[in-house]
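Number of protein chains: 2
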Amino acid sequence: MLLLKNVNLFSKDAETMNATNKSLAFLNPDSIAIIGASTKPEKRGYQAIARLLQDGFPQSGIYPINPKAPEILGVKAYSSVLNVDAPIDLALVCTPARSLPGVIEECGKKNIGCVVVLAAGFSEIGEEGKAVEQAMIDAGKKWNVRIIGPNTNGIFNLHKKANLVGVPDAEIGNIGLVSQSGNVTLGFITEVARKGGTGFSTFIGVGNQADLDFSDYIRYFADDENTSSAVLYVEGFKDGRKFLDSAREVVPQKPIVVFKSGRTAQGQISAASHTGSLAGSYSLTRDVLRQVGVTVVEETDNILPIAEALGKLPVAKGNRVAILTDGGGHGTIATDALVDAGLMIAKLSDETVRKLKEILPPAAALNNPVDVAGATDEDSAPGAIAVELLLQDENVDILMVTGMLGGFHRRFSETLLESELQAAKEISLHVKTYQKPVIIQSVYRPQKVEPLMHLQQAGLPVYIWVEPAVAAAKAVAEYGASCRRLQQVGDSSDITVLPEGTAIFDRAYSEGRSALFESEAKDLLRLYGLDVPPEIIIKSEQDLSKLPESLKNEPLAMKIVSEDILHKSDAGGVKLNVTGEEARKIAFQQILNNAKDYKADAKIEGVLLTPMLKSGVEVILGVTRDATFGPVLMFGLGGVFVEVLKDVTFRAIPLSKTDAAEMVEGIKAVEILNGVRGTKAIDRNALLDLIMKLSEMVWMHPEIAELDLNPVITRPDGVSIADARIILSEKK
Amino acid sequence: MLLLKNVNLFSKDAETMNATNKSLAFLNPDSIAIIGASTKPEKRGYQAIARLLQDGFPQSGIYPINPKAPEILGVKAYSSVLNVDAPIDLALVCTPARSLPGVIEECGKKNIGCVVVLAAGFSEIGEEGKAVEQAMIDAGKKWNVRIIGPNTNGIFNLHKKANLVGVPDAEIGNIGLVSQSGNVTLGFITEVARKGGTGFSTFIGVGNQADLDFSDYIRYFADDENTSSAVLYVEGFKDGRKFLDSAREVVPQKPIVVFKSGRTAQGQISAASHTGSLAGSYSLTRDVLRQVGVTVVEETDNILPIAEALGKLPVAKGNRVAILTDGGGHGTIATDALVDAGLMIAKLSDETVRKLKEILPPAAALNNPVDVAGATDEDSAPGAIAVELLLQDENVDILMVTGMLGGFHRRFSETLLESELQAAKEISLHVKTYQKPVIIQSVYRPQKVEPLMHLQQAGLPVYIWVEPAVAAAKAVAEYGASCRRLQQVGDSSDITVLPEGTAIFDRAYSEGRSALFESEAKDLLRLYGLDVPPEIIIKSEQDLSKLPESLKNEPLAMKIVSEDILHKSDAGGVKLNVTGEEARKIAFQQILNNAKDYKADAKIEGVLLTPMLKSGVEVILGVTRDATFGPVLMFGLGGVFVEVLKDVTFRAIPLSKTDAAEMVEGIKAVEILNGVRGTKAIDRNALLDLIMKLSEMVWMHPEIAELDLNPVITRPDGVSIADARIILSEKK
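Heads up: the sequence lines are chains A and B, in that order.
Following the numbering used here, the numbering of the first sequence begins with 1 at its first residue and continues without gaps.
Following the numbering used here, the numbering of the second sequence begins with 1001 at its first residue and continues without gaps.
If you're looking for bench data, these hints aren't it; they were derived computationally from the structure.
Small disclaimer: the values here were computed from a predicted structure and weren't measured.
Accuracy of the hints is not assured; some may be wrong.
Sample of chain B residues at the chain A side, in silico, Cβ under 7 Å [what the hints assert, rightly or not]:
1) T1190
2) T1264
3) V1644
4) V1676
5) T1679
We put the CB at the ideal spot given by N, CA and C, even for glycine.
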């Protein structure tokens, strides 16, 4: 077996990446040129300056560029950036598409690292626009100027008071936002303004991603001290593989939340009419993003709640959740939702139960969920003690507090406020001490009551509804798991291309073929250590006596080999369960005779002999080169499970062992592999070993465009590849 | 075939129901006694009076009952309701558990129709409490007093200014709310207070449901002019079948939204510790509730958005949705979410597309989703016209408007406000004209901008996020479908019990058995017209010559029949594919000989002969008598589909034809029945016919406690019941 060792599986050009990181300092600008600055209030070139001034961006750092006006809004204007006698970090370009690349040349000469291009009229309008876009990109490369957009609604960095989008009400905070839709961005901003909680650090409208793309922006967030989690609204990645490489590195430093629109065939059509982005199979996209630790969210209204939790809370060490409730309803709803979300309801230690019993009334439920049964109606102290007891319990990874925390003084008596505030302070201290995520749901969240505001300021997210709280708990648990998984990768193996493998492809290419013969495909698999049952093609009866030992004592399947006979069974060209030399001879003759009767002039290669495969659970392994994410492996159960239920998982190649294990465990019908109706579990290790070897082989051979192992028979005593098909990439 | 005709399938005692309805007028009270009225501000008996006065409930209708105080809060008090010289509609009872049933006796004497019992200490605390509760129920029956609770947080009717819960901030509106959890109720109330939109008409905390239960309350809502939709938070139904009967009648008048907590095994444990309610299989509960048209919601944060839409919008005539968007992002998100929710993206008529083209710019997307591409940035009129064009299209049942409707004046220029208001007015007129549901999502919803407020006042719900908007669209479409489906029921058949069927059960009961023999079960099925392959038990070789024609020319399966031989195959007691008289004789002798060799003293009944079943898709039909919902039918595909994937549907018996069709169509793997991998579709009509006959048979025979047809072989040319098992109910 070839082991992957000391290889950073994804990132290949770390140097380029670091260069990008550094250059993105322009997202933190001290000085901004407004190219196409205007004296007309309805123009972006005016509004941008007004906004900067209004927000308190230093006037000395604003450089309006206008061919005529001496000043705009009291700020000295220049006819060209070249006339500015100070360094400029960033330019907002408000001039039309055709003015680029001239603008970029000037910016390059002035050493401006980056331009934000608002104008539309580039690749999104078709061929003509594409040419304009390419000219701009070329200029950017020549003059070393990075481009945000074009066709973007701008960027903002609220910590720098630099709001180049001009949208009002954007609240400052720690979420970094990158979006491919202006309206969706607006939705986030108005929601935060309403709800409070957390706001934004930097926003980037990616526009056409002509130069800088999602990958670059998440690398910026990785280093940005004002960003604690990133939110990406994605209609399409320009280079998905590059994004996977970047995300894999960034995730352990900063959680990345992605909403990918265009999930359904209909949605993809709609998304394409918006941006012209490629939108591949959604389930493939979701699986490979999760593989590199990205938090994939599928409901827009859960994005902010999840980003807030990931940005604020400690990393969870597992997925066992304790629930503390002050009234039954929410405890039950939370339990249901947590179980549905795949989290574990923690089994509390005996000690925790014993200590809870000491502080709670007899009616309290002491097993998870813990229901205080009125113990906090008149004094909040027992609630805070219960929080500490649950956080202390080593069976608990995450704590969810549900009900009406912080609102007892509203519900019952204002005199309770002091006790509630004290409890809130204690809870926030416990969270710091025990470093476990605590997620709070309270029906008093909308009323912004004091105890909850205290908890929020202490870095604890508070939700009004159970569902976003559970979505947050799930995301926190999965992020913890991703961080642990990503650590494991990189220390597994060293791979080399086997020249015998390359020779197989060379022969096929030289013969002008677009696919390997089945026997070649099987030879290649054997070469890389995969278990393909032996097979031999016999041309004459004499050869039957020279069978290898591996075939002599097995019941065999015998099949005609002829490119002129496609339907072998119809031609009487198949004999099954043939045992013993005599029977093999008879079968050999019968097959040849039948074939001749079926088609007299058929060109016959011989008869293929292979052992009968013992029955088992059929699985399918497939490889495709996705247009955006590169080589990807698919796994599923055979038959209706793939065809009807689409119950498959994807992973980008190469896989880590954990990836392989998770992709098998990830199918819905996985229980079938564990044995049902009295059958034994299949040999899971053999299956995982096969997946790892397959991943390595495909990684070594870009000649493979597509591969199908269908079926692979999995049994309690091993796995066998029954059929293999390999389609070749176009020869480079 | 026995046809169901002119039978109201569920409701049996309509008279009782109507009586209940009438008596529930006490939820609309003009006069209220506060029994246990108090002079202490921390007591409910004081707070309730204070609240009534504060809200403007007529002081003349408030009757504090207190043994000593002459007046409370300036309202004349009485020592007993019997001393009040005016009619009293409702009594709020604030006295402890033990004071009931005395209180009820007094109320009965005073002719008070209903009491709201706040006290806890009844069945929820165990045996002792159960006795107290029963005494109270008995008193209620004796004195003709209905009971709300006990162990309830109260009721309110905001249109009557009667808030007996005392919760602040409850906004008036048209949602009727019934809840089994005080905290969950609080969540709804605080959310409405924050969001606006719609509020509440009547609230009832069901408490222990000792007397009045969910069924009674929905019947009240059916007649209440202030309620346009009902929301129920349910932990458990006391009598699920009664609820189904009531809901079936109420739904066509008023939509009912149910959130059922305790979905998962863990959640059920948690729910039980809260209320002691029975919580059955969740998927069964969900399916039978949907069968009677209840809108089952599974996320608490979707409950209010859905209830608002159902209460306000016209009934949808189908599920084809048009999407109108002012910017790509939301159009794509909405399309994805609508498709995922099972709705259809409408195919617009050529005429609509042509007319849209006239009013929208060239960049606009004219096929659904329709993207106005900036057409409404400076003038909202085209948006309103597009709304009318889409509503006119007969291919459109529901319209969803997404993006930033109503906020252009905020985003671009205040001068747009007038145009936006005008468009809002026109849109609300179009909705009235065309009577199709219009659902609006706008990122400016949180800012309560004027045009959106106008639309909301005109009865159009507006959502900030796409997901609740789509959940609302789905609910509206399903409610329309339910109304149509419920209309169809009731005109299908007349059923009678067949005495031969009863005789089969009588024999089994008389022999003290708890199950039918397989042959009896099959006879019963044949009796009710179900297709069970013929079978015959042969005791001697001579009998072989007297085979019925149906068996003579078929390949047969032959099996030993002996209660002493359970593992027939192991005993050599099974022969398959036996064809022809000679072969049958040989097989008969072999089977008997093998059986004797296997177990010399086995008592042998004979050899069973039945035709070999042609292979097909195996399905399972099962019947159970659910503890709360009564007889229920289950359908699923055989093997792993039921066992591993739990891919089954349930319907309460008796089923309508539409129920049968929907329960088959409702399994996830339904495509398998349509033929996959080159196979033909199974005979769906034969399967539906089987389901209907089974439903009728079970409805006629309460003797059947459980039934399993496993497997039923379905093929393109029919269906065959291969095995049947019937467990008997306990004899009455």
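Here's how the hints hold up against the structure:
no.	hint	in the structure
1	T1190	holds, 5 Å
2	T1264	holds, 4 Å
3	V1644	holds, 5 Å
4	V1676	holds, 6 Å
5	T1679	violated, 11 Å
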